[in-house]
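Asker: Sequence:
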Amino acid sequence: MSSWTPEDDTVSASAGHVFVVDDSAPIRELVETYLRGEGFEVTSLADGPALRAAMTAGASPDVVILDLGLPGEDGLSLTRYLRDQHHAAILIASGKGDTMDRVIGLEVGADDYLGKPFDLRELLARVRSLIRRRTHQEPPARAVATTPNSEIRRFAGWRIDLSAHSLHEPDGREVELSTGEFRLLREFVLNPNHVLTRDELMERLHGRTAGPFDRSIDVQVSRLRRKIEVDPEHPTLIKSIRGAGYMFVAQVEAD
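Mapping of the sequence shown onto my numbering: residues 1 to 255, in sequence order.
Rather than coming from a laboratory, the hints here were simulated on the basis of the structure. Some hints here could point you the wrong way.
[Stated by the list, open to error] Within a straight-line C-alpha distance of at most 25 Å, the following computed SDA-like cross-link-like pairs (lysine to any residue) qualify:
(1) Lys239 x Phe155
(2) Lys239 x Asn193
(3) Lys116 x Arg153
(4) Lys116 x Ser77
(5) Lys227 x Thr197
(6) Lys227 x Arg153
(7) Lys116 x Val103
(8) Lys239 x Arg204
(9) Lys227 x Arg128
(10) Lys227 x Ile238
(11) Lys239 x Leu190
(12) Lys116 x Asp74
(13) Lys116 x Ile27
(14) Lys227 x Gly172
(15) Lys239 x Asp199
(16) Lys227 x Val189
[Said to hold, decoys possible] Label-pair ranges, simulated between beta-carbon atoms:
(17) Gln251 x Arg128: 32 to 38 Å
(18) Arg128 x Glu176: 22 to 28 Å
(19) Arg36 x Gln251: 29 to 35 Å
(20) Arg226 x Gly72: 46 to 52 Å
(21) Ala244 x Glu176: 27 to 33 Å
(22) Ala254 x Arg132: 22 to 28 Å
(23) Asp218 x Ala53: 32 to 38 Å
We put the beta carbon where it would ideally sit given N, CA and C, even for glycine.
Build out the structure end to end from the sequences listed, making use of the hints.
Answerer: Set out below in structure tokens:
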């Protein structure tokens, strides 16, 4: 098992740094070997304490591939910890492949979910997709400084900075959003008063189409509504369009 050291975050900036957290040594070794062959820096960890220790020591992975069925502290608890304390994208890769586990994983803050057994090529594609999104959401400080306010939008008193990945309530307080929640809100803000189908949102957010029983988008919308709607049970901003998808009903203005 490869342990994390501070130097790890500077080794492979072009491909990205991936944490593989799984109690199965053969799976860790298989995924680590494959991803290293694709140019990634990979750190393999067997359980929650090892993950927490690495993050506390200053690790900054781009993606954490996380198993749900870990001994001791389970993957859902660790997902909440990562979402609350860090900015890594979270990919749950678990043998607990039923719909409810998938929904719960996304509900607590995971960015994507892949059931075991999985094809390594699909895993690679999803890791790359998550890193691309993370890169687009965190542009260099120089780019932000030279184009002040160019990515700021306002709606219903709210202020969202598309470059800085920040959202402020009408009273000025900042609202913490997960990577998935921010990306979803960004799609709505950039396409106001326009119906976005679940398939469109799935393709834009996850790079794939939705399956017939896939509720990923619905779960993300529900999470986002709880953060920006006055009454999430009777939303006025993110409207459900029966048989179609969702519409962001607001006047959006650029600063």
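Asker: For every hint, state whether the structure bears it out.
Answerer: To see whether the hints hold, each was checked on the structure:
no.	hint	result
1	Lys239 x Phe155	15 Å, holds
2	Lys239 x Asn193	10 Å, holds
3	Lys116 x Arg153	40 Å, violated
4	Lys116 x Ser77	20 Å, holds
5	Lys227 x Thr197	21 Å, holds
6	Lys227 x Arg153	17 Å, holds
7	Lys116 x Val103	16 Å, holds
8	Lys239 x Arg204	19 Å, holds
9	Lys227 x Arg128	28 Å, violated
10	Lys227 x Ile238	11 Å, holds
11	Lys239 x Leu190	15 Å, holds
12	Lys116 x Asp74	16 Å, holds
13	Lys116 x Ile27	10 Å, holds
14	Lys227 x Gly172	14 Å, holds
15	Lys239 x Asp199	16 Å, holds
16	Lys227 x Val189	15 Å, holds
17	Gln251 x Arg128: 32 to 38 Å	36 Å, holds
18	Arg128 x Glu176: 22 to 28 Å	26 Å, holds
19	Arg36 x Gln251: 29 to 35 Å	49 Å, violated
20	Arg226 x Gly72: 46 to 52 Å	29 Å, violated
21	Ala244 x Glu176: 27 to 33 Å	30 Å, holds
22	Ala254 x Arg132: 22 to 28 Å	25 Å, holds
23	Asp218 x Ala53: 32 to 38 Å	36 Å, holds
Violated hints for the displayed structure, listed by number in ascending order: 3, 9, 19 and 20.
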